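S.K.: Given next are the chains, with one letter for each unit.
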Amino acid sequence: MSEPAAGVERRHLENAPVRVVSARDPLRVRLANLVSRRELLTSLIFSDIRIKYKGSALGLLWSMLSPALTLGIYFLVFSKFLMNGIPNFVVYLFSGLIVWNMFQSAVSSSTGVIVDRAGLVKKVSFPREILALSNVGASVIYFAIQLTVLGLFLAVIGHAPAWGYLWILPISFLALYLLTASISILMSAITVYLRDVRHLMEVVLQLWFWVSPVVYSYENSIAATLHNHGLANVYFLNPVTLIILTFQRIFYVATTVKSTTTGATLHILPTWPMSTYFYLNAALLGIMAVIFLTSVTIFGRLEGNFESEL
Amino acid sequence: MVNVIEVEDVSKQFKIHHERHQSLKERILHPRSGSTEVFRALSHVNFTVSDGETVGILGRNGSGKSTLLKTICGVLQPTSGEIRLRGSLAALLELGAGFQHELSGRDNVYLYGSMLGFSRRMVDAIFDDVVAFSELEQFIDTQVKFYSSGMYVRLAFAVAVNVNPDILVVDEVLAVGDERFQAKCIDRIRHFQREGRSILFVTHQADQVRAICDRAVVLDGGELIADGPVADSLRVFREHLLGDAAAPEGAHDAHDVHIDAVTSPTGSFQVRHGASMHVDVDVTSERALSGYLLMEVFTRGGLLVSRSDAQATPVSLVPGPNRFGLDLIDVPLLDGVYEVNLGLVDRPGGSVLAWREQAATLQVAYDGRASGVIELTPAVRQ
Chain A
1 MSEPAAGVER RHLENAPVRV VSARDPLRVR LANLVSRREL LTSLIFSDIR
51 IKYKGSALGL LWSMLSPALT LGIYFLVFSK FLMNGIPNFV VYLFSGLIVW
101 NMFQSAVSSS TGVIVDRAGL VKKVSFPREI LALSNVGASV IYFAIQLTVL
151 GLFLAVIGHA PAWGYLWILP ISFLALYLLT ASISILMSAI TVYLRDVRHL
201 MEVVLQLWFW VSPVVYSYEN SIAATLHNHG LANVYFLNPV TLIILTFQRI
251 FYVATTVKST TTGATLHILP TWPMSTYFYL NAALLGIMAV IFLTSVTIFG
301 RLEGNFESEL
Chain B
311 MVNVIEVEDV SKQFKIHHER HQSLKERILH PRSGSTEVFR ALSHVNFTVS
361 DGETVGILGR NGSGKSTLLK TICGVLQPTS GEIRLRGSLA ALLELGAGFQ
411 HELSGRDNVY LYGSMLGFSR RMVDAIFDDV VAFSELEQFI DTQVKFYSSG
461 MYVRLAFAVA VNVNPDILVV DEVLAVGDER FQAKCIDRIR HFQREGRSIL
511 FVTHQADQVR AICDRAVVLD GGELIADGPV ADSLRVFREH LLGDAAAPEG
561 AHDAHDVHID AVTSPTGSFQ VRHGASMHVD VDVTSERALS GYLLMEVFTR
611 GGLLVSRSDA QATPVSLVPG PNRFGLDLID VPLLDGVYEV NLGLVDRPGG
661 SVLAWREQAA TLQVAYDGRA SGVIELTPAV RQ
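Those protein sequence lines, which keep their order, are chains A and B.
310 is the number that my numbering gives the last residue of the first sequence; the numbers go up by one with no jumps.
692 is the number that my numbering gives the last residue of the second sequence; the numbers go up by one with no jumps.
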């Protein structure tokens, strides 16, 4: 056995924490591992973003420019050609769309991530959830950029958000993050066993988009019909709905508006008081926290056989 | 001495799918078909590596050594049992496995560092060393997709050894790169040892184990069959190799020939450079057979000086004890201590019938002025 060379500072391994690799890590250990590898998460997020904009002259500016252009197109279309009578419809649309974009882009990019990076998964040790979470992280960054674009747009057209409601936004966003992360983590593991889930997910996400009130107003369209059939609560089982409504309430503000075409009164958003928005979002956050922990647990179960399935 | 790796009763099973249904469609269409078989890659493995130790894992292909290594690194979860690790660990299971082709060498150094579990600040501190070690100064800002495979490997190895982990796990990666870089890697590993760090090293090359390791374990069919000093483990490893080579023929049992002792008539294995020496080899055989003697000579540092098969002169064994004389004529070795291994093979280059690791320790005395291992006498002409 070689003796330590003189002058080399010996590490005190006696006091070093012991890491245990065993058949099934308890949830507490899994979460601690995730937290301890947060630097890997950030470097994966930024390397993904760097790769995405590699070779484009404008770089990350594109991620700002592209939502701005989308916003411009919607503005043109809905204020000049497709007038549905809802004033400032583009604000309504965009405040829901940023929520949806974050959810959709993270879930669809995470679904195949473990299969696509099998080489890494089979050779390097790290909590595998991080692959899905890095896609979620990239979506959060695009979300922040889009939110900035929306804020600038509101400032330009002089549309004030509901300042009093703004404090609910972080709660709602956190719920959105946990929801997105849970589904991304779960789908990334399931795809290892059932490869065609990836294609199925594309269809599911499209359907999901249309049952969420992004391009239409729930109150103004199907609310009455669903209510008559006693299905109003079913619509709200979709967790994305509440988050989208909260964002729309904050940025679009008005719950009822006068139609710009017919002059009739339109109900756009639920007329809940602020406390209802808070309680609903807080409850959703609680549920999502439980779902997140469940999905990490399920992922841990599925992870054991990745090696033989990849 | 603290144990940095403790492997306790670790087993790993794999399911082997004979007909795999990897899509939802197939699962629905064939709900019950697709037979699976359980394959035991590791069964009840126990061993420890203490701080500052270099341990080699020996085994043939498919003996479970890579599975064991992956389980230790946490790439695989054991089916049962537990592994406890102290200190930071860097694993080189496949060099450059974490590289992103689209990113530059520089970005990949940081990314790979964080995959190995080291912070950005730690990578900052060693970045220049990494670049210097990999000798890629000119290319560090080039995307790695333009790297040659050698450059790729150099960069990955440079990161892993320069992050200064407490435990370095190496899986047969030393077989890559050109000879000069290989020498550099071995050098680096020795430096690592001097610093008192621990190394776990997988290979099927016995010479590398002899050169680097303090201890070796042998895996066969997922079971740990030896754990001890390098020489003992190598003996078990060779005996197992020969046992399996003999098995298909079913003709003879591996243990029916045994080299009992290697002795010198003078009682010592001291010899002067240039002199000759005689040794006696005692072999017990349970049946009559003929074979060839094989001799290996190593330096204390593990360098193979010579492997020779005694001029391919066959020896005949009779049932019971046998004795051969072995003459070493005009020993060309220079000053030093040499380990001699002896073996009996069925034909030159054939499978081993019996093996004795460290059969003798040769002490060579030399009073000339040459240095090294053997004497060459270059003739000068003008």
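Some hints could be false.
What the hints assert, rightly or not - Cross-link-like lysine-lysine pairs, in silico, BS3-like; alpha carbons within 30 Å at most:
1) B:Lys325 with B:Lys335
2) A:Lys52 with A:Lys123
3) A:Lys52 with B:Lys494
4) A:Lys123 with B:Lys494
5) B:Lys335 with A:Lys122
6) A:Lys54 with B:Lys325
7) B:Lys455 with A:Lys258
8) A:Lys123 with B:Lys455
9) A:Lys122 with A:Lys54
10) B:Lys325 with A:Lys52
11) B:Lys335 with A:Lys54
12) A:Lys80 with A:Lys123
13) A:Lys122 with B:Lys494
14) A:Lys258 with A:Lys80
FYI, nobody ran anything at the bench for these hints, they're computed from the structure.
Keep in mind it's a predicted model, so treat the numbers as computed, not measured.
S.K.: Now tell me if each hint is right for this structure.
M.R.: Now the hints, each set against the structure:
With a C-alpha separation of about 21 Å, the suggested pair Lys325 (chain B) and Lys335 (chain B) falls inside the 30 Å cut-off, and the hint holds. Between the alpha carbons of Lys52 (chain A) and Lys123 (chain A) the distance comes to roughly 24 Å, so the proposed pair stays at or under 30 Å and holds. For the hint linking Lys52 (chain A) to Lys494 (chain B), the alpha-carbon distance of about 37 Å lies beyond 30 Å, and the restraint is violated. A hinted pair counts as satisfied when its Cα atoms are at most 30 Å apart, and Lys123 (chain A) with Lys494 (chain B) qualifies at roughly 24 Å.
For the suggested pair Lys335 (chain B) and Lys122 (chain A), the alpha carbons sit about 26 Å apart, so the restraint of at most 30 Å is met. Taking the CA atoms of Lys54 (chain A) and Lys325 (chain B), the gap is near 41 Å; set against the 30 Å cutoff, the hint is violated. As the CA atoms of Lys455 (chain B) and Lys258 (chain A) are separated by approximately 59 Å, the hinted pair breaks the 30 Å bound. For the suggested pair Lys123 (chain A) and Lys455 (chain B), the alpha carbons sit about 19 Å apart, so the restraint of at most 30 Å is met.
Simply put, Lys122 (chain A) and Lys54 (chain A) have alpha-carbon atoms about 27 Å apart, close enough for the 30 Å limit, and the pair holds. Pair hint Lys325 (chain B) plus Lys52 (chain A) does not hold up; C-alpha atoms about 37 Å apart against a cutoff of 30 Å. A hinted pair counts as satisfied when its Cα atoms are at most 30 Å apart, and Lys335 (chain B) with Lys54 (chain A) does not qualify at roughly 37 Å. Proposed proximity of Lys80 (chain A) and Lys123 (chain A) is contradicted: the alpha carbons are some 56 Å apart, above 30 Å.
Of the pairs offered as hints, the one joining Lys122 (chain A) and Lys494 (chain B) holds, with about 27 Å between alpha carbons and a cut-off of 30 Å not exceeded. Restraint check for Lys258 (chain A) and Lys80 (chain A): satisfied, since their Cα atoms lie roughly 18 Å apart, inside the 30 Å limit.
Hints 3, 6, 7, 10, 11 and 12 from the earlier list are contradicted by this structure; the remaining hints agree with it.
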